[in-house]
Amino acid sequence: MTKPVLGLVLGGVLGAFDGLTALFSGGPEVKAQIVGIVIGSTFKGLVAGVLTGWFARKVNSLALGMLFGLSVAALFAFLVAWNQAAHGEPYYLAIMLPGSLVGLIVGYTTQRYGFRPAPEPAK
Amino acid sequence: MKWLSDSAIARLRAVADLPDLRGTRYEIVEPLGRGGMGAVYVAQYRELDRKVALKVLVAAHSGADAALRMRREAHVIAQLEHPGIVPVHDVGTLVDGRIYYAMKLVRGSRLDEHIATPRPLAERLRIFERVCEAVAFAHAHGVIHRDLKPQNVMVGAFGEVLVMDWGLAKVRGDDSPALASMEGGATVPGATEHGTVLGTPGFMAPEQARGDVAHMDERTDVFALGATLRFLVDADAPPPLKAIVRKAMQEEPGDRYASVDVLRADVGRFLAGEPVSAFPESILVRTRRLARKYRTAILLVIAYLVVRALLLAFLGR
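Residue numbers (this note's numbering), protein chains in the order written: chain A, 1 to 123; chain B, 1001 to 1317.
Simulated from the structure, these hints should not be mistaken for lab results.
Here the structure is a predicted model, which means the values were calculated and not measured.
Hints should not be assumed to be uniformly reliable.
To be verified - If you only want the chain B side, here are some residues facing chain A, beta carbon under 8 Å, derived:
{"no.": "1", "residue": "Thr1296"}
{"no.": "2", "residue": "Ala1313"}
{"no.": "3", "residue": "Leu1315"}
From the three backbone atoms N, C-alpha and C, an ideal C-beta is built for every residue, glycine too.
The shape of chain A in the complex, shown without the other chains:
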């Protein structure tokens, strides 16, 4: 799997899983919104994942890849948390911490296991 595709798939899966964990928080208002949460979280994961995969394709560095994944995921999670806060639910830590860790995982995985296509031969 190429690095961007691996980032896309992993970001999507982990994003969906991260969204689903909201079910365990137990609040009825959260359960009522679970479909929207999962879709939003998955979309966030897909975008952050493909960006991290693209970065992994351009820069061959495990440390920089993990830092990039962490930063992008933290930024997206911040935007979600900021939006939540605007609606009176300030859960910055609860949203940003696991979201950033997901970015770290995607950053590591795309660097370590993603396939980098061979450069095209010179014409």
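Go by the hints and put chain B onto chain A.
For chain B alone, coordinates are given in the frame of chain A:
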């Protein structure tokens, strides 16, 4: 009357042993080492002003058989152009009739000396892989080394790995006229007659130790490589690595790896954290291997789950 000191006698003896290079394009710089048949010197190649390693037949072995064997060795190496095999530049005869050949001078240390300094297992195995590549190349060209051991592998100052000392090499299925003419019959010196035992104990395959020339093939080198691998790894090597050594060193050639490439592939799989063909895994061993291979990814996922659990426990989210 004044007696010469021991050191003076030793110096005189060393000078007397130096080969007479008159009529060649080389001059001796310093002795480098001495083997059973040949002495190796650092020599200056005057025409190009560069240093080479010059292997000269020692005087004690200056008979026709040894001379032909040495010339044959030079020809065998010259046929094998590979980064892992030291290239021969020139072969000739000294004024006293002794054979010499010039080869690339490799600055470095023998593999046994190289690993005397503790080095990570992965590094030692990567060196072993490079040895296998060179030997597999030789096999593909019909040459069996027959004296593979750590002492016959050089590790250069820049990490290059070179298989040396092809003096016992056996050529088979090679239609190169130069080689064929030298391997062409039981009475030709250089070819080993049935019953003659040549090699190094501990690294020799059983068929080689019996002098059973007819049954020596690529798997004879597989055995020696297995012994070399055993030398390279610790006594507490992981079970899959021990299984690779065991399989390479089986008594019966048919029970060993069929080729050096297959052996190298198994070592490569071990290095990549994949299952090796010589070691059937139990579920427990497989789980342990996968856990080791994906350790960081697993730790990251665990960290994520722990954070999730803590947030749930303390913040209710």
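Starting from the hint list further up, note which numbers the structure goes against and sort them upward. Structure breaks hint 2 only.
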